[in-house]
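Please model the complete structure; the sequences and the hints are all you need to start from.
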Amino acid sequence: QPKRINEEVAVFGSYEVQYWTKKIMNVEPAIEQKALQEIEHAVESISPEDKRAYLKAREERPHLFEAESHPLKFIQSCGYNVWEAAKRMISYWHERRELFAERAFLPKV
Numbered sequence: 029q030p031k032r033i034n035e036e037v038a039v040f041g042s043y044e045v046q047y048w049t050k051k052i053m054n055v056e057p058a059i060e061q062k063a064l065q066e067i068e069h070a071v072e073s074i075s076p077e078d079k080r081a082y083l084k085a086r087e088e089r090p091h092l093f094e095a096e097s098h099p100l101k102f103i104q105s106c107g108y109n110v111w112e113a114a115k116r117m118i119s120y121w122h123e124r125r126e127l128f129a130e131r132a133f134l135p136k137v
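Numbers in the working numbering are just positions in the sequence shown, counted from 1, shifted up by 28.
Don't read these hints as lab results, they were simulated from the structure.
Don't take each hint at face value.
[As the list claims (entries may be wrong)] Each computed DSSO-like pair below joins lysine-lysine, with the alpha-carbon atoms no more than 27 Å apart: (1) Lys136 / Lys115; (2) Lys136 / Lys84; (3) Lys84 / Lys62; (4) Lys136 / Lys101; (5) Lys101 / Lys62; (6) Lys101 / Lys84; (7) Lys115 / Lys101; (8) Lys62 / Lys115.
Dropping the structure here:
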């Protein structure tokens, strides 16, 4: 099938994932599950010091964490690059804490 304008192919392990302007299409659940496992490994490799706000949100406010920063959202927005997704997810919580201090761990109104 010919490649359309603005269509890209991301390589994830041995899989190719086609997406159209960052919107992932036709991704098998097995690939999503593998990506979720891989992002966990990527997050583990980042020092606890650099992911302090991320860890606080995940441990103290798991429902908020899942609702507002589910890892799959970051994986998809990064074209299934789990390392970039891990960095962005951690950065999200760091920036949120910088802006809102302890209120960062309360739901958005």
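Now the hints, each set against the structure:
no.: 1; hint: Lys136 / Lys115; result: holds (22 Å)
no.: 2; hint: Lys136 / Lys84; result: holds (17 Å)
no.: 3; hint: Lys84 / Lys62; result: holds (25 Å)
no.: 4; hint: Lys136 / Lys101; result: holds (17 Å)
no.: 5; hint: Lys101 / Lys62; result: holds (14 Å)
no.: 6; hint: Lys101 / Lys84; result: holds (19 Å)
no.: 7; hint: Lys115 / Lys101; result: holds (13 Å)
no.: 8; hint: Lys62 / Lys115; result: holds (18 Å)
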